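Peer 1: This is what each chain is made of:
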Amino acid sequence: MAKRTPLLTASGITKSFGPVTIVDNFNLEVYPGEAIALTGRNGAGKSTILRLLIGADRPDEGRIEFEGLRMSETKPEIRRGMATVIDDLDFFPDLSVVEHLDLLARAHGVPDPEAIVDDILEEVQLVPQSGQLPGTLSSGQRRRLALATAFVRPRKLLVLDEPEQRLDVEGVAWLAARLKEERQRGLAIIMASHEPHLVDTVATRTVRLMGPKRQLDDEDADVADADTAADETEDAR
Amino acid sequence: MSKKSKKLIRAQANATPEDVATGATAASEVDAGEERTWTFTFLGDVEPEPVDEKALHTLMQQWRHGRASRTLGQVLGDAYFMIFSLVLIGAMVINLLLNSQHGAAGCNTTACQSGRTLLPWVLLAGTAALTLAAARIFGPVLASAAEGFWLMDAPVSRTRLLGGRLRSALGLAFGLAAVVAALVAALSGMTLLLGGAWTLAIALTAVAMIALAALEQTYERTAVLRVLQALFSVVAAAVVVWMVLVAASIVPLLTPAWMAEAPWVLAIVAGVVAVVCGVLAYRRLSQIRRARLLSGGSLVSGMQGAAFALDLGLARDILVERDAVARGHVKPTPGRGLGVQALIWRDLQRIARFPKPLLGLVAAALVPYAADALGLGSFMPFVTGLALLAAMVPFLGSMRVLSRTGGLARTMPFSTAEIRNATMVVPAVLALLWSVAVYPAVLGIAGGTSRTPLDALIVTVSIAAAGLLGAVRWQTAKQVDYSRPMMATNAGGIQPSLIFNLFRGIDVVVVVTAPLLLGAPIWVSPAIALVVYMLLRSGTSMEELQDEAKEQQKLAEAQRATASKEKIKVQRPTR
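If you read the sequences in order, they're chains G and R.
Residue numbers for the first sequence follow our numbering, so the first one is 1 and each next one is one higher.
Residue numbers for the second sequence follow our numbering, so the first one is 1 and each next one is one higher.
FYI, nobody ran anything at the bench for these hints, they're computed from the structure.
All values derive from a computational prediction rather than experimental measurement.
Be a bit skeptical, because a hint or two may be false.
Claimed, not checked - Computed beta-carbon distance windows for the label pairs: (1) R:L88 - G:D88: 41 to 47 Å; (2) R:V325 - G:N27: 42 to 48 Å; (3) G:N27 - R:V425: 39 to 45 Å.
For every residue, glycine included, the Cβ atom is placed at its ideal position computed from N, Cα and C.
Construct the complete structure from the given sequences, taking the supplied hints into account.
Peer 2: Structure below.
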């Protein structure tokens, strides 16, 4: 039986902001077909970990690798395999919704980009807004466009930061079903989420984060207890 | 303010830090765990009293002044360095004025006379066009978000509330236009009377444009303003062309007798327009919708934020975004090509969709001719490079978006160098076309320095590269990182990159064109441009290089530590 190779490996990741250690010796291996949900209270470090995993921020300590390559968000090989939807996604102010998706599909060399763009537009329910410029979209529509950017291109790993944000109930249900399907087709997913339905439907593993640790306040931090989480749970700080 | 409110505020002010941390103030007397009995307050069944808008404004001013933590004396005391600089710059300006007045006495060449005669006309038309553009963007009557929320919901007269804003806009336009016009009049060596007349005419024209824009704002119309703005822009450009043609002795300089009276006539006409439109606008101020007023106010807030960060790129981003929101919808066009070609095609399609920046490129092509006509001589490459920089910025929109945050670039399967190269293709082609248009000026046909065809070709390419790369630097420079160590100055801690932010782009034009100004061998400028291009395309900043070096150092230390452990292990005797 062939040995499973992790798609993404994070070992000994530490990140501090001033005296506060947000991420302390965090380890993670993500395999194809696996969906990992990062959960925890606001400020527990979910978004920080995601930013570190995709190379948007650099860890103080530790190493992150994607398909054996040292993580750097500017490496084309990594950009090709990893689709991300986090808060820093920007849009061209002068390109319409459909043009954004068309550009991304073409940039990734997707054959017949127009067909796939049309399908995804329909799926995210942005067909009526296809000619609109991003500045005029509502926050929910912008979120749908951001999610669509991840689906019109090839990907091996999908990294999502609270993808349920600003989606209506129907939208969250669609997203959960879509991500489950993606995972079953072999895509690896890492997501931070506060939405129990999404986590229950998609995640194969849940990592519950306990929150930041103050360097001068170690005793208090150690008292924090690990909550139980659904499925296979890891505790991490 | 009620007695209860005052009591609460006093209690808050006297609270100790511990009280504040635990929330133990007079305001929190009820325990959260207890079953609460709510008491509700309703307005009394009496008619509200009439509101005095001026008193409301005065009250807000008092609150603001009451919260000032420093006196004017303290602020001025800390700003002595700035005051000293202003005095120094003022002395330099006065010295420059005196010198130019002295030099103007010897203005007897055609180029000089054409410049002196026609420059006020360019300034007048240019001021009118710029004033209309600014008035359309900002309002000109505007209100802050706070005023919109707190005051405009109240039953107050909007006319009285906004009257001050209109007067401020008119006053600001008069002041700014007068200062610029007076400076230009003094620099071009006009007599006091003529200079005063032109200053008055130009300042009143600016006021008239603001008053007209305010009147149109009350009707929510912009068509007239757009037409006028285009008309004034064309007039300004036409006069510049005329100036160049006169300087090149292609057409004669005509100075009919009525031209001496023109500034007075213009001042009277502008004054009448300003008064009529101003009065009509004031009467209709209450008709302006709150959303329209707040939109200008929020733009000013955004601009202030960008100004504090000395970030002109951010200021432009705000304007571009606003323009896009106003447009709202476009007819989608299908993309072409795969990979980086798709990015290049989109840039081309953008120009077809938003062709207005091409006018700026055409105007930039006139600059070397005008510079030579005005006798700028060896400064022509620098001035021309700056003009091209300004014209190129709008064509690098996709590079800007792909550089300002990592999010969008991360979605593309390209390296930073590939993205920069791709987004530079269309602007580079435009810069090449611009080079063809300015080549005759660099050869020296407009009266400037004469060059051989080969030298002129190298100088033209160098200027084009300076303008293009300056615009690339302007669009791709990283925002100020306030988490980095600060630099101690007399005005407090300042980020070193904050100062350089203001000169980004211009520094590239200086570096590339300086050898041409200093008479260095002609190949030096293109060589510098090539080095600058290599640096800019890689997109590596000094901070990233430092981080990388730190990372390497850490790795080397870890390897050394491992090696030394192994060494000890080997040296240990075995039994």
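Peer 1: For each hint, tell me whether it holds in the structure or not.
Peer 2: Verification of the hints:
1. The hinted range of 41 to 47 Å is satisfied by R:L88 and G:D88, whose Cβ atoms lie roughly 43 Å apart.
2. At about 45 Å, the beta-carbon gap between R:V325 and G:N27 stays in the expected band of 42 to 48 Å.
3. A C-beta distance of roughly 44 Å is found between G:N27 and R:V425, which places it inside the suggested range of 39 to 45 Å.
In this structure, every one of the numbered hints holds.
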